[in-house]
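> What follows is each chain in one-letter form.
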Amino acid sequence: MAECHPVGFQWVMEAKARGAKVIHIDPRFTRTSAVADTHVPLRAGSDIAFLGGIVNYILTNEKYFKEYVLAYTNAATLLREDFVDVDELDGVFSGYDPQTGTYDTESWRYEGQDDIAAAGQRDAPKSQSESEESQGARGAGHELGGHGAAMDHSHVIRDDTLQHPRTVFQVLKRHYARYTPELVQEVCGVPPELFEQVCEAVTANSGRERTTAWVYSVGWTHHTVGVQYIRGSAIIQLLLGNIGRPGGGILALRGHASIQGSTDIPTLFNLLPGYLPMPKVDQHDTLDDYLQTVSSKQQKGFWTAADTYMVSLLKSYWGDAATEENDFAFDYLPKLTGDHGTYQTVMDMLEDKVEGYFLLGQNPAVGSAHGKMQRLGMAHLKWLVVRDLNMIESATFWKDSPEIETGELATTDIATEVFFFPAASHVEKDGTFTQTQRVLQWHHKAVEPPGDCRSELHFFYHLGRKLRERLAESTLERDRPLQDLTWDYPVDKMGDPSAEAVLAEINGKHLTGEKANQPLSSYTEMKADGSTSGGCWIYTGVYADGVNQSARRKPGREQNWVAPEWGWAWPANRRTLYNRASADPDGKPWSERKAYVWWDADQHKWTGHDIPDFVVDKAPSYRPEPGTPGPEGLAGDDPFIMQADGKAWLFAPAGLLDGPLPSHYEPHESPVSNPLYRQQANPTRQVFRRPDNFSNPSGGEPGVELYPYVFTTYRLTEHHTAGGMSRWLPYLAELQPEFFCEISPELARERKLEHLGWATIITARTAIEARVMVTDRVVPLRVGGRVIHQIGLPYHWGVGGSALTKGDSANDLFGVTLDPNVHIQESKVASCDIQPGRRPTGPALIAFVAAHRARAGITIQTGNEQRTPPSVGDDDHDNRGEQPGAGR
Amino acid sequence: MSDQRHGPVDPASAAGWTDNQPRKGFFTDTSICIGCKACEVACKEWNGVPEDGLNLLGSSYDNTGALGASTWRHVAFIEQPANTAVSSAGPVSLGMPSSVLPGAGSDGESRTDFRWLMSSDVCKHCTSAACLDVCPTGSLFRTEFGTVVVQEDICNGCGYCVPACPFGVIDRRIGEQGTKNVGIAQKCTLCYDRLGAGQTPACAQACPTESIQYGDLDELRDRAHGRVEQLHAAGVPQARLYLDDPADGIGGGGALFLLLDEPEVYGLPPDPVATTRDLPQMWKNAGMAALGLLAAAAAAFAGGRR
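So the protein sequences, as listed, match chains A and B. Once you know that position 728 of the first sequence is 941 in the numbering used here, the rest is easy, because the numbers rise by one and skip nothing. Once you know that position 112 of the second sequence is 121 in the numbering used here, the rest is easy, because the numbers rise by one and skip nothing.
The following block holds chain B by itself, in its conformation from the complex (with noise of 0.2 Å):
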């Protein structure tokens, strides 16, 4: 089996498929997301996601949080001041969440734009995928679609993946006893079953304004370009992409994005790095320090011998 952690171009030819599908993957344009949660409802119906809790969280319309065992779509709405301005010198403010309630520094009658962004946000199915590389039972594998899908029969429940996401996707999951799959490490698997039945994942084909659109990773990433060129052209300078490019620190996103704000301020991390990426370089730097520790014992006691 090929080395799959430096990002190859076709993950699953990568994992040994021969008869593989072209990529799979997810496009969500969150410029035209309005937030309505219909991949999030449809997402939980056709897999069977047990409810994870009736909790208010004021944090706007968002009261599921973020994604974990239970939530594998999940949308985010962030309210901010509308920012206008592609980049400028000096500090800039990402809107990022602060400890101040809402609106408490804020002042009415200086209010001027107001902006409310709404994002779903979904298991990147990364190119190169830590999660997978750091399951000790293959219950994580690539599929002939080049996703990443959890076998809840093979997951021992160790948690190694947990970690490993540089997203915080995957998670174990946590319930009283007698909750489906509880203990065991669970994600979007981009409806593994209806891929394979030649269908459309439940949330795109739940979303009415074809946010999330699903198809073939190269014309997706095509159609995201397009999407952003659109966009500029339209006077939306904020348009840009999320994941889209195969030399970033995951080899690319088997789910790109289209955001009208950095990354931070839809609680992305800027530059995710698959948190295996360096083992061989480490393994060979702990390996030479090895070697050259044993290099100067040897030669302590060859340099004891004169």
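Bound conformation, chain A alone (with noise of 0.2 Å):
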């Protein structure tokens, strides 16, 4: 965190001198590690282990937050007698069709919901009669950013004495008694004194009277696993009642400022904003269809008012052409055929599908996993539009990329018409960052930009402007989308549209009535009959009053510690999410110190330092009818108010691809076998078997040796991601002039390796040369017996481009084996040889590396299996777990 984020960092080193305890579990020695108390240093990629590690220190020792984890959890929660653990199937769970390597998730849902849909519920939600393959073909587990899966109900069968063999409670007990300290030693190579020291912390420092945050980054994000990570600190953190709790919460650090608006708000192809789901082709022929699809009207909580989200959605994007009778024009949303993810996307381009493309603020070719692909991909580009500051690597890969030196491009033959547009930066131009706690903050525009440089928002409404003025005369019936979007924003003198008039079209306002214009003041107010428009749900308040609310700058000081007067929170101004869980299941505070929201019986409400993410005035006491959908449905000790059952998932139902549980699998590409069962990767990695995306043989696959270490990327304090903003400038550029990798002392001298001469590392996929940093910071790790070396890659530089700083990129080395709920690639961790020395140039440098593949006898196969066959000779190993539900 003191390597990516310095500025946010401050917090932590002030909390650290009123006594907080810091520590920092990453592969990596960083200047984060410098200052905390306790570095536990890692095998990249298994992170799994450690936390499943902890979670079984957790209940074996019973550290968990009983009252919590009865009350708030689906820990009582009864699961289907079909259900089965990995460690009964060789490592995989019940439901897996090798055939297809996807889950039919039918066996993991809760005990008592399938009687009812399989009798025809009249509201069933289609997303159960959806096959897994195409729920991943959509990255359907992104839609659900914001809320759980949906479920047919809201009645469940719970076991409050947590000991009927079914509930979730026991069978994570079960699935998790495998994760002794020995294990964690094993897989991740962290001694069990260190590893006992983090657990005695992180349990010591929870329960009534304290709280423990977890705060992880694109470390835990980029793997085959990602999704399954953040799971695993999400279990640890609700067994030990560190959510909803001031100082608790798990907390994703973004890699810019305003990631977190960009999925709000997304720049994802299978979402909306406020994370309702792109519709489907086939699947979505209505609204209705549609509706069904994201909640049922028969589960609780409040996306059963998902409705009135989408409708006044569509009101804002066409205005008076968006009618009742039109179904509000949902038939001018795009549907989607399948994945378009980026890498999808990329591949598409080499089969000559994709004409045009547009890169804002982004640099693929330096910045992507497989750059080679990327850039092989835009090459076949009819024309690609860069907005940057500086003639980034992906403007330029016409003429100064790798592959021109390699003879796999030739700038003649390339037809891409490339477009630069150079683009305004964030001083240049108004509008707000959503950072990581969901706060909008505006940033005022300080300076015009210079020249030619110019806003997005500048961009994107004059390329639509003049769209719709050269379609103004069409009668096609496709043009009618353009023709009728609200597109009427003010712009001032440079012709730059008013980002606060945006803003306002986000937030919503009342179209008819006494309130006609008005603002919306929250989403509750949204409506399903068109009377109403907004362009994000959850931002609806972020202009309430007609006040740009996230504009706000109160010092600290002048108001409460939750300081809700700074910026602006969604949903609602809320600064912690299910608050309700900081008060006991009675609506008293579980301590004192740790007070947050509460309920005031005299005054029949909830009330305390935040806004309380509950229904105001629903008492601790109620119970509805059992049975009750939506909002209504929620039980007064229902925090989880965005769940379909009300409380937060130690075990996930639905809603994942790969597993309701967290269970340790090796990354797609590891010298390491899986300790745990015959399955080595996770069995529903997306793979992609082709001759330009070689994977290195893993675990027992022979060749195994000639890819013998452990290499993960990350990024450097002096510079920001692929470079763009960071290599063009001199005093960023001088502080970190080279790519250069960082290796142990112990591996130096195995591979006689010179501090500042060079190497080559080599992958399957490419070799490049880095200068060699030998430093006391990367520690060898004993792991299954063995010394594993890890070698750690900044990302930051690129070949080409006019930079100050130029070098080999490290995500060259990387293939395309992509998570199977939000298609994220793996480019956290994959392994290598590394070698004393430059890498051949030009041509040489294909054969050298295609020779290192051929010693290896690499073929589009290796590594690429989904479900690792049972090895030659070991009768242990059955194929009990291939059919579809598969049960005892």
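Watch out, some of these pointers could steer you wrong.
Said to hold, decoys possible - Derived DEER-like restraints, expressed as beta-carbon distance ranges:
#1 246(B) / 1068(A): 38 to 44 Å
#2 417(A) / 228(B): 35 to 41 Å
#3 409(A) / 246(B): 25 to 31 Å
Keep in mind that the hints were calculated from the coordinates and are not lab data. Where a beta carbon is used, it is the ideal one built from N, C-alpha and C, also for glycine.
Grab the two chains, each in its own frame, and use the hints to assemble them into the complex.
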């Protein structure tokens, strides 16, 4: 965090000064480790084993927060009889289909959920009938960013003694029983004493009086099991009662100032604003079809009002053209035909299926996994728009990419027309940043952008304006969405549209009645009858009373410690989500020290330091009729108001495509065999068996010894991601002027690598060269009885472009293998070889990489079997898990 | 003008300022430095100091190297086995830079505790500032804030100040013709222009963890002592102050440091002395010697007459 978020890290330092203990768990010894109380180095890609070890410690030593777990999580909920855990099926959960590499998740559902659905429940959500393969194709996991998966209804069967063997609690206990300190050592390379220290610190600092926070970054997400890493920490936090309480939580540090904002109002292909899913072709012919996928009207919680969010969104897009008669112009929305994630799109480019591409502050030639595939793909485009501060590698690949040197591309053969637009920086435009706590903070334009530089808002407004002018006379049905679009933002004398007008549109307004044209103050005011508009329901309130609430900057000392008047947090300016959980089931704070919101019996309402994340006048003792749907179905002790059952999910009965519980799998490329079971890597990871996407052998595969080392990539404080904002600036470039690899003294000796000399790092895709940095900060780990060396690579550099500092790109080493839930690439761990000296250049480089591959015997099948085949002569394993729904 | 060389308590009034401000300075608490180098960048941005070389130094994450004409803030990165002993009999490893390549002598299996120290260095704005003493043009002067500043339009580039500095801070700028202030002696001004406008120096303003603190020197010194006590109580006995003593060889620094090891470990002189401190005594001694010689010669003549 100190390395990549030094400004935010000041608060960690302040907490430390006040006595907080800072533990840093990272393969790498960073600037964070330097000031942390404890640094725990572990093998990259082994985090589930580590987190599972903590879960086991908590359960074995009865360190969990009993009242919290019982009342607020699904610990007491019963699972179905046909659910079978990984240990019995050699590494897969019940429902695995080895043909498709996907799960039928039916058997993961709660006991009792199936009966009613099978009996033909009128409003059974269609999502249950959608095949998991197709869910995977559209990255269904993403859609759940704001809520749990849909359930048929809210009725569950509980055993409040937690003793029933099919309660979530007992399943959890059995699942993690194998995650002993010894296993943690064997998988992660963390000595038991050090691991114990972490367990003790985390549990001692949790409970009624204290809370612990987990903070993570892309070191957790960029994996084929990235979603399950986060789930692992969620289970710990729920067991310890650290969610919905001050000082608790799981915080995602993002790579840029407003990545949170870019998922809220998404730049993702499968989402609409506010985590509404993109509609899908064939399945969502009508608005009604679509809404039934989003949420069942029979489940609990606020997603049952998704119709009001969606209709308001359509009204904000198409205004008067969206009417009840035409399904509020639902037909105008493009509908998904499959995976259109960034990696699928690049592969489509290679097949000439993509004509044009917009790159906005993104440098895939350097920043994306498998840089070569990215660059070769862009060479197939008809046109490419690059909007950036500098002439980045993605804008100049056609003349100076590494493939020009190797002969794989020739400038004269590339027909791509590249349009470069100089962009305004964040100080040269108005707008908001949304950070990890969901707080929107307005930034005012400080200076006019120089020369031709313009904001994205300027670009897109005028692009839309010109397209609409061109199509004004068109009578084609397909042009109607553009013709009818509301596109009426006031512009200033520079032609810049008002960012505040956009914010007001996002906030939404009343369209009819007495309050017509007045801004909405809360999403609960949204209507499904077309009488309200709103561009992103979770942001409603940011422009309440016609005031830009995100621009508030009242100093902390002039308000309470939660600081509700600094900026504005979604939803409804709540600073901590699910904060009903900060009080006990009776509505009293768990402790005075951690009081946050509570039930005021005299006034008959919830009150406290933050805005209560609960129906404000619903008493803790309230119990609805069983099966009551919607917000009314939430009991007075159901704090997780967006979940279909009102409870936090230790076990995820729906919504995840790769397992209801995190279970350790090795990275897609790993020199280590999975010690838990036969299954080596995530059996549902998305693999691409292509001759331009070879994988290194892993585990017990032949040739694994040719790629014996683990490498990870990361950032340095001095640079920003793919370097577009730093490698062109002399004051930053001089601070880290060259690409280097960090290795331990032991590896240096083993491979005769010299400090400040050159090293060549080799994978099945390519070989890159880096200056050698030998340092004690990299520690060899003892894993599974042998020493594993890790190599650290900062990924800021690229070949070509006009940057002040250039170098090979670490991301070129990776292939494309994805997590099934969200299509994220595994780019924080892979295996490699390292040799002293510089790499070959020109066509010789391709031959060099191919020769290494040939020695390892790599084919397109290597490493790409989703279900690890039983090893020859190993009779212990059978194929029990292979049949969908195979039971006991 | 009174003599500044012997460490008067208030250098600004000693320099003749009558309406001077309380003495301003820096307190750099290296125990909370996270090595982000924001100070280096903010300093260069504000003061228009040019980039000075894209060189990978291999010295941990330090590619700046040292203070100089184009580096007025420098963050040092020191990788070392954790030194938890406060003092012990016998020789103590100072973690001094060695000629052995990093890690060449270490063994992963035996490695236990490891420390990565970071510290932002800057001009000390000495109470007894030798650079100022030796400047023949008056380009270097003592400001009303008690700081030491070069006037670039007066400096003639003679370079006397360069060897005079006991810390190696000040230097003449080397660069191509046309580079700003090439040939002129340059160093931290403690953002004299910002101070005049009531602003905090750029580096302290940019520091995210308040490792660099700016303020009235007396108050900073109190704060520094308090912080050392706090760290000692928290089980960090190695914490110590550097340049906080007005009785030291430079009359105390206008920039104080809290260090977690011996100054040498950070590349700082353990017992800096203003190179001009002993000049009066030296001249006196030289004069005495000359007088003695004269007396001897005179005696010889006198004796010869006999």
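> Each hint needs a verdict: does it hold in this structure or not?
Status of the hints after comparison with the structure:
1. A hinted range of 38 to 44 Å for the beta carbons of residue 246(B) and residue 1068(A) is inconsistent with their spacing of about 55 Å.
2. As the Cβ distance of residue 417(A) to residue 228(B) is approximately 38 Å, the hint placing it in 35 to 41 Å holds.
3. At roughly 26 Å, the beta carbons of residue 409(A) and residue 246(B) sit within the given window of 25 to 31 Å.
When the structure is compared with the earlier hints, a violation turns up for hint 1 alone.
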